[in-house]
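> Chains as they are written, first to last, in this note's numbering: chain A, 1 to 343; chain B, 1 to 343; chain C, 1 to 343; chain D, 1 to 343.
A hint or two may mislead.
Intra- or inter-copy, both count: the list cannot distinguish identical chains.
[Claimed, not checked] Listed next, the in silico DMTMM-like pairs over lysine to aspartate or glutamate satisfying Cα-Cα at most 20 Å (straight line):
no., residue 1, residue 2
1, K299, E218
2, K7, D128
3, K135, D219
4, K7, E129
5, K108, E121
6, K7, D27
7, K41, E334
8, K3, E37
9, K124, D223
10, K274, E330
11, K329, D27
12, K7, E31
13, K270, E31
14, K329, E255
15, K3, D333
Source of the hints: derived by calculation from the structure; they are not laboratory data.
There are 4 protein chains.
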Amino acid sequence: MMKYSFKNDYSELAHPDVLAALAAVGDIQFEGYGLDEYTEKAARLIVKKISKPSATVHFIGGGTAANLVTISSVLRPHEAIIAPQSGHISAHETGAIEATGHKVCTVKGENGKLSVAEIEEVLKSHHDEHMVKPKMVFVSQSTEVGSIYSKAELTAISACCRENDLYLHLDGARLGTAMHSPKSDMNYQELADLVDTFYIGGTKNGALCGEAIVICNEDLTTDFRYHLKQKGGLLAKGATLGIQFLALFENQLYERLATNANAMALRLAKGFEKHGYGFLSEPQTNQIFPVLPLAMAEKLSQQYGFYQWQPISDEQMALRFVTSWATRKEVVDEFVEDLSVAK
Amino acid sequence: MMKYSFKNDYSELAHPDVLAALAAVGDIQFEGYGLDEYTEKAARLIVKKISKPSATVHFIGGGTAANLVTISSVLRPHEAIIAPQSGHISAHETGAIEATGHKVCTVKGENGKLSVAEIEEVLKSHHDEHMVKPKMVFVSQSTEVGSIYSKAELTAISACCRENDLYLHLDGARLGTAMHSPKSDMNYQELADLVDTFYIGGTKNGALCGEAIVICNEDLTTDFRYHLKQKGGLLAKGATLGIQFLALFENQLYERLATNANAMALRLAKGFEKHGYGFLSEPQTNQIFPVLPLAMAEKLSQQYGFYQWQPISDEQMALRFVTSWATRKEVVDEFVEDLSVAK
Amino acid sequence: MMKYSFKNDYSELAHPDVLAALAAVGDIQFEGYGLDEYTEKAARLIVKKISKPSATVHFIGGGTAANLVTISSVLRPHEAIIAPQSGHISAHETGAIEATGHKVCTVKGENGKLSVAEIEEVLKSHHDEHMVKPKMVFVSQSTEVGSIYSKAELTAISACCRENDLYLHLDGARLGTAMHSPKSDMNYQELADLVDTFYIGGTKNGALCGEAIVICNEDLTTDFRYHLKQKGGLLAKGATLGIQFLALFENQLYERLATNANAMALRLAKGFEKHGYGFLSEPQTNQIFPVLPLAMAEKLSQQYGFYQWQPISDEQMALRFVTSWATRKEVVDEFVEDLSVAK
Amino acid sequence: MMKYSFKNDYSELAHPDVLAALAAVGDIQFEGYGLDEYTEKAARLIVKKISKPSATVHFIGGGTAANLVTISSVLRPHEAIIAPQSGHISAHETGAIEATGHKVCTVKGENGKLSVAEIEEVLKSHHDEHMVKPKMVFVSQSTEVGSIYSKAELTAISACCRENDLYLHLDGARLGTAMHSPKSDMNYQELADLVDTFYIGGTKNGALCGEAIVICNEDLTTDFRYHLKQKGGLLAKGATLGIQFLALFENQLYERLATNANAMALRLAKGFEKHGYGFLSEPQTNQIFPVLPLAMAEKLSQQYGFYQWQPISDEQMALRFVTSWATRKEVVDEFVEDLSVAK
């Protein structure tokens, strides 16, 4: 019997406060297409959070949509975006960016992050009209493998972008766990100052659905709602998203949920360590990659859900464990006990 | 002070049963991306509703997305879709279909509906490779102006499509009000037999968000989830949609809500008639178009929301009133009284 | 036996001077991709012709390519182009513009031309993000039906565009016959001052292939060669086009060829008139539309190629006759004689 | 003073026989859009050359256009093409394939060629709807670095494609030098049997412009002319291309020109060898990559055009020399002498 799934952070539906906020609306009538007061209030809260009065905020149903609408609204037809191989747009969005006509110039990256050197390498090799023109850079925070860019790293990438007339887009599907990780050395305002566009993920941090696209660079705001609509991202009941984000940002719920996910991952990590297991990479947020004997992984998989990530040797396997806003301490502790038994 | 808005049918958030169904899930863990049991059960209910075991059902956040994903999954690059001028894809989706590369061949239509003669006219004028190749026909049920295709009309269009190797797509953003209108002479199974693809609108009939795409033609099912994902339509928490549709179709809630919207429109229409006002077109579903003196329309607009649709003369104006699943009898009756006062 | 085809103006291969210019190059080596001296010289000649030193010129193989590269290089994804129904991009380019993602907003037009009123009508009905944003206007000179915009007409359209922040693109597949028509009241410089982009058609005026795209609005020049390349329009042997345009513009060949086409059409028109036949519209360039008894049209079609354009009555038919740079006086005179016999 | 450029094989305009064939047409009238007798005859010659009566042939102006029209006509929106990093579509077509909506899955390749193992690797890592679906494989013959696939290699790739339901497209911009290389072990028929689509390059083998797209797989022929037209590839004067290909294939001109290019490259290679220089890779066609001291390369570059390709060490540089259909023995011999002097 399956006790708990650590497969991802979107297995549980939504935090009760989010659902309660939706239920509280009752039969009030509101404006359609995100022009309602809930949505406007949620947008204002986010603008305040990042201390950037000139920023604009738009809500959309999911992460792939957030990326494709934002990126395609910015690039001209011959322009391309640079992303690490592990980036969501490179690997796991079914060619969504290419479907809007743009090449993704992929670089290897390391531990889910790309480097200034890699950006410069792409620029150097794209020098005339026989090649696409790189015009934007894509980073994720936290990344697909749970790592986070330090303030110094993101500052360097941002500086490289500005020097080279590139826009910087940050995929924040898991921004909460990044911002509220004990390893984080950046606040929301600092992050917003470094990027041109980013989105704050709701789906993976307690919402039913929804991401908040934030446009920090004023040059990129014109007509954005046209792009949202054209790509199918403008919900008639936009309030469905606005109300949820209001609930997430009104009482630090967003922070509390991300903090729980991180804390549970850390607790889990300590459990692995206690039993003498190491990690593929340092645990930083709510995705951790312990290395276990393959046989043990298989035994554990009868009761717990997780992915086999990468073979380390014939007998050792790196596994991916993901905790969520909903993961409870008791579940983690039970797992750690089962870990000791399975040994 | 505004008493009520008859501007549209997406002003109220969601029916309490829908919200209750979401709340009832609790902290159960489910599979992501619409592979959960709720979604599967909702899909089975819909398949049963249309008595078409070979049909497949996919849920998506909104109507523009439903249309663009479905249509672009079917057409090859040089193929086009025929639609009436008033069709949502022609007029109100910001070129969403063109953004996927396809021309919309618009015809005039009448009362929101296109005719076999118009389809044939397009086919006749598109005869070689210097023009796009019409390959699909777009109809809405109910239409943008509240009218519905009769069984005979839709049967004729469907026959024309099959004769001419055209697919038929039906936009059902307001399918509920069409199917459950007293004027309807078709059931779900009959409708599903006539089209290749259609969608059942949740947003405008009591859901927070969500539409159910139904693929009736088995030739068109292959790889459909790739298209959903690529266009940003595959929600990580697909259950958010599945749970809502389960609530809508489990206890005839969908039927009850549409029936309420229609009944309230009819009640409103009778009120107008009682006071001697006529209509731009016969009221059939939850959108009605009474013709009033302009001065009176302006007086009423201080307390009620509605659109001025089309001038009839210097002094007469056709107005659009829309009722919803949430419109209450008391509100309608109060309006009718106010109508008599405003005279 | 077929004596001559008046079906179109691209039936004869190329003027001997054009072919001679190609042959004269011998085995000289030149730079690829249009960076050779021939191409640069041809571009300079055209810039001089329009007296617009800031304009840039690019050569491309054909008219559909010229339109699609130019238009898609200018528009952002949500922007659209306004064109008359008869416009080449509306009717006869297989959805080439839509294939780059943009809607063509078609208006009826009259005699192949659109009006300021029609542009304003489109602007008025496209007012928010639920509709595409019109951003460019498309005209042809001469039009698909042989008519030409007068200087006053084009000036009015240009003023309307500038007032409303719209770009103006002119399809000049048959620019020669327009500029060198006795009915023309505009010179190259005046035309270039009124538009943002246009192209000068070579294919239909004596070249093997090739059109010269002229970008008059400096804001639109950036990175244009990227668009040419991406859409497959940048020939490795760009000189193939440059040499031809050099031949066309060095010795007024372009003017002489267009003048011949117009003169032959006029001669033909006079022949029709002499025998008492009228026209669907006033002959202005090398396409004329005489109205003949259907029986006579059918008799003539045994010896001459032409299109039946539009029935006027059960017995009368408007026909389309097109003359070219290569049509000879003797052929026209023989036809006029045959016309008298066929009566 | 510059004696000769070995920079590429499109520096000289066109073979005299090609120009003579164009001039010989005179003022004959022909059907437009490639429906003329010249084009049909050229197509028949090519079909005969590959002994594949069911194949269809279409002519188009250039290589990028040939690739993008063919590939985008085959793939559905979510499908992708696998290509080596050095492939023209990956590296040097300004994202032309992505601009039609499709991802290019690039693999490293070796010596310009991809391997069955690399194709299988891509297939293995693309297993569900979160990733594009690889559906086509791209090879060049000869490749961007002058190498050629042996019959065994191409047979293995073709078998892998058929096993995995992938189409195989071959870019033959330099097919002539591949087929008529002394290193080739395949004839036209054998090649055509292994691929689904390919094109025969005219531009780089003596034509003014033009490539012949050959569709070997009958499933892929439907409506191909629509795609040609929509992408701007259908020339009004299609005969311009047909006549050239007729000239190239009527008297083995195509073979003779390619053979000359190869022979000149071989003669050049022997010259380098005679003076003791080696190569980055084995010379196989008309592109060779001798390794020379950097100082010497710089001295030679004052009289000869060629590219510095890749540094081998601080002092040694691999250079790219390309010969063409027009390169003369005398020029090569003079270079080899100059090589000895420059030493």
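> Are the hints correct? Go through all of them and say.
Cross-check of the supplied hints:
no. : hint         : result
1   : K299 to E218 : neither (54 Å within a copy, 41 Å between copies)
2   : K7 to D128   : between (44 Å within a copy, 17 Å between copies)
3   : K135 to D219 : both (14 Å within a copy, 18 Å between copies)
4   : K7 to E129   : between (44 Å within a copy, 18 Å between copies)
5   : K108 to E121 : both (11 Å within a copy, 17 Å between copies)
6   : K7 to D27    : between (38 Å within a copy, 15 Å between copies)
7   : K41 to E334  : neither (41 Å within a copy, 32 Å between copies)
8   : K3 to E37    : between (42 Å within a copy, 18 Å between copies)
9   : K124 to D223 : between (33 Å within a copy, 17 Å between copies)
10  : K274 to E330 : within (17 Å within a copy, 66 Å between copies)
11  : K329 to D27  : between (38 Å within a copy, 14 Å between copies)
12  : K7 to E31    : between (38 Å within a copy, 9 Å between copies)
13  : K270 to E31  : neither (49 Å within a copy, 27 Å between copies)
14  : K329 to E255 : within (18 Å within a copy, 44 Å between copies)
15  : K3 to D333   : within (12 Å within a copy, 55 Å between copies)
In summary, the structure is inconsistent with hints 1, 7 and 13 from the numbered list given earlier, while agreeing with the others.
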